[in-house]
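Produce the complete structure using the sequences and hints provided.
As a plain string of letters, each chain reads:
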Amino acid sequence: MDYSQFLAMKQEICLLVVFLLVFLNDIFMPKRVQAKIGVITCVLFGVYTLLCFFPQLMPDDAESAFSGMYETSPAIIAIKNILNVGVFIVLIQSLRWSSTDAQVIRRGEFYELLLLTLFGMYLMISARHFLLFIIGLETASLPLAAMVAFDKNRYESREAAVKYILTAVFSSAIFLMGISYVYALTGTLYFDQIADVFNYYGTDAILLSIALAFVIAGMGFKLSLVPFHLWTADVYQGAPTPVTSYLSVISKGSAAFAFLVILWQAFGTVYSQAWEWMLYALIILTITVGNLFAIRQHNLKRFLAFSSVSQAGYIMLGIVSGEAMGLAALMYYVLVYIFSNLAAFGVVGAIENATGKVSRDDYNGLYHTNPRLAFTMMLAMFSLAGIPPFAGFFSKFFIFTSAISAGSVALYVLVFIALINTIISLYYYLLVVKAMFIKPVDDNTVPLMQSSCSERVALWICVAGIIGLGIVSPVYDWLLQICGC
Amino acid sequence: MFSNILIYFVVIPLLMLAGLALCRNIKQIRTVAVVGSLALTALSVFLLIDYLALRAAGETAPMLYQGSWSWFAPLNINLAVGVDGISIAMLLLSSIILLTGSFASWKIDMPKEFFLWLVLLSTGVFGFFISIDLFTMFMFYEVALIPMYLLIGVWGSGNKNYSAMKLTLMLMGGSAFLMLGLIGIYFHSGPEGHETWNLLAIAENHSIEKGWQYFLFPMTFVGFGVLGAMFPFHTWSPDGHASAPTAVSMLHAGVLMKLGGYGCFRVAIYLMPEAAHDLAWIFLILTGISVVYGAFSACVQTDLKYINAYSSVSHCGLVLFAILMLNTTAMTGAIMQMLSHGLMTALFFALIGMIYGRTHTRDIRQMGGLMKILPYLAVCYVIAGMASLGLPGLSGFVAEMTIFIGSFEQGMMDYLSGAGSLRLVFTIIACCSIVITAVYILRVVGKLLLGPVQDEHHLTLTDASWWERTSTAVLIVCVAAIGCFPNFFEEIIRFTFSDKIFTVIGMN
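Just so you know, the sequences run in chain order A and B. Taken in order, the first sequence gives residues 790 to 1274; the numbers are from our numbering. Taken in order, the second sequence gives residues 4 to 511; the numbers are from our numbering.
Among the hints, erroneous ones may be present.
[As the list claims (entries may be wrong)] Example chain B residues on the side facing chain A (calculated, C-beta under 7 angstroms, incomplete):
1) W74
2) P77
3) I111
4) M113
5) E145
6) G156
7) L172
8) M175
9) G176
10) M182
Quick caveat, the hints were computed from the structure, so don't treat them as lab data. Values in this document were obtained by computation on a predicted structure and should not be read as measured data. Even glycine gets a Cβ: it sits at the ideal position worked out from N, Cα and C.
Okay, here's the thing in structure tokens:
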């Protein structure tokens, strides 16, 4: 075996090194150093994230290893970098939570599990063979269940973990069922060979549709697409806030990229016959149902859960175009979504850590007691709703443009429905803004409070991203260039 | 980039935002607001003079002061600016209303936040009028919409939560149509691989097929039409204007509603003339209904702001109505009407705000005889009313006259050439609105200003303070200026409708 193949996996190896350092630190170092594990993880991960951005470390072209099971390319590295940035912010946000009394003895595990799931996500994105993909998928899902249960003294947290693990296992089973059909149809598990077989021999439409339905349903659970979203709200509400934010941006983002890779690489040749309409239906359902349910939520974590369900629908719009422009738009959307959603979760988490309040009614008049937090939350809401000059506007505009670029009438209708839904979403995002800015202060209002330094740093990064990512065009140009437009 | 004069219409508001963020007390805030809006007014007056000089020197390009800076290069998105007479007129209008609006909100609560949002709103407005790139235009358009929510929600009165939400959602609904329309225009804007967002280039290429125009024209026209208060999408306007604080009503009715008319002309009709020609009848009917229905509704309202808001629906309907005539005279009238209505309605809302601030009611049944108590404000109100019902010498007369002459011309031409009598019929119907306008204006003047004093508390009220006098006097001078020197204003916008442009649009 040619061991130089491992060089293609630079990012995975670096991540493992970071993981091992954190792990060893947690086990062997003196108590004094162990106590700093959160900061150490942040620093190590921050250095690693920065390193990955150096162009010298990137391959110029696509490279594959292990007889085509693993692939990396500039676009894939950029995807992983985007996830890294998100994880970095999540790590900073979790510092305060992880040093609370209930978590302090087991916070080492939190960071280790988090890095492990990220490793699984890397494999999902890079896999070009379904076996490796499943390994990545499982590595990414199972430790997450432990993270969801991290507040193990809280009933909701345990309940959420059980729900999460059951859905995760169930969805894996469905996915595997789909893969077995695909294997039966094509006799291979390599993505490109599957595509070749479909291309060459044609397809048995019914069997293929069934297989795809299973595959898409399996991924739909991970992405919480409607109708596979039922676990989302409960898990998001029950899990500790840093874990929720991790689930809602990183886990979802990586699943979106992996979904795109599977659909384009393995099933791209049967696009119009088999999965086009399934995807359209899923997108419309996801956006609409997610939005309609979000209107009724008063608990902000549940509210953000449903809002992230509908955001997943918008992310899917990047897949329908089937072109490099769609990939770039999707990457950009996920990047912006990471910053916006993490800003929202950052504020919710900061307030929850200080006062334990998560209901929208507790935010009444927040602007008068905590103007900066209220302002940050407003920016996050506007960015999620797609209001200029914040980044969310640009990402929505570009993803709609990329979806329409293929030009069929069905796509215009699809985008139109998505656009109508942005108005519904604006309504419930404005409800939060209304609570904070317009409603008067009452007895339940969050009092003037001090957020910790780490929370503020994370929020500042998010605010910079929300304001800067849209107006500063080189970011999107860079993504387009990497995707080969 | 900074050598282009137009860019300062966005830079100055941004500097104002930064200045406001640093302000510590109300005096500084007022200073920043007034100095900034004075600078903007001076800039637009300078631009106007310079523009006229350039035109007099024989400059014939459709848009002057053009500049274009690449923004999102792979998608051909540029920050492209350029103005013609119409845009300059609109810039002048916006800066004057921002100036008077700042004076009108001299004593607002939480002034810092208020002016921050107000200036953000006007950044969007100015940016919209200088842009000739569809993407930046749309972006500025949306920037102008969202501060309204907080401005109405926080500083508004009455049923403000409902109105703010209704207004924001309806306008964003319009922009959903618009976004789809604009993306569609982009993908048909030129030969494959040479798509562009630039207005002039799209008009030059003229490559949107007729079938697509039939789809994209209604999208863009309705999108902008929502903001122009086109029936049946006008319902945000009465509620929104009634709940908004004074300066916001002024800016919104005075300037933002003009974005609708301007956009309908600049994007929908300019880029898709064939569809405009074929589909104009649908929108003529709708805007015709706006004109008459708005006027009738104003007759039965008892809240001063509702009366004025419905009158805005009627007058802005007239703008769209005139644009759809696709005829030079009517379009000139439409632009005049935009200017005239902007100034007049700002004056109205300023006065209503001042009266409401004193009497704490806007119900005309509970007020009376204010002429004796508040002579200055009452006289101003009468002048605004006269302008609204089209008294010669004031702006309303010039604008409406031009519109109706143009419409009648076009209607007769249609009729004589056998193209149907729809235009003629609707012109006659719309003409009725002049009479109805007189009814509701005179009714208000009679109830509010004349007759016995209804409430003895009103006897102790004081007349306008100096900042209120400044605000109203500036507006009255402008209204009278348009009325007395219509030729000068016609001169500014004439070139836009010269033969060369009209061959691009493809109409007579």
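Hint check results:
no. : hint : verdict
1   : W74  : holds (5 angstroms)
2   : P77  : holds (5 angstroms)
3   : I111 : violated (16 angstroms)
4   : M113 : violated (10 angstroms)
5   : E145 : holds (5 angstroms)
6   : G156 : holds (4 angstroms)
7   : L172 : holds (6 angstroms)
8   : M175 : holds (5 angstroms)
9   : G176 : holds (5 angstroms)
10  : M182 : holds (6 angstroms)
Going down the numbered hints, you'll see the structure goes against 3, 4, while the others check out.
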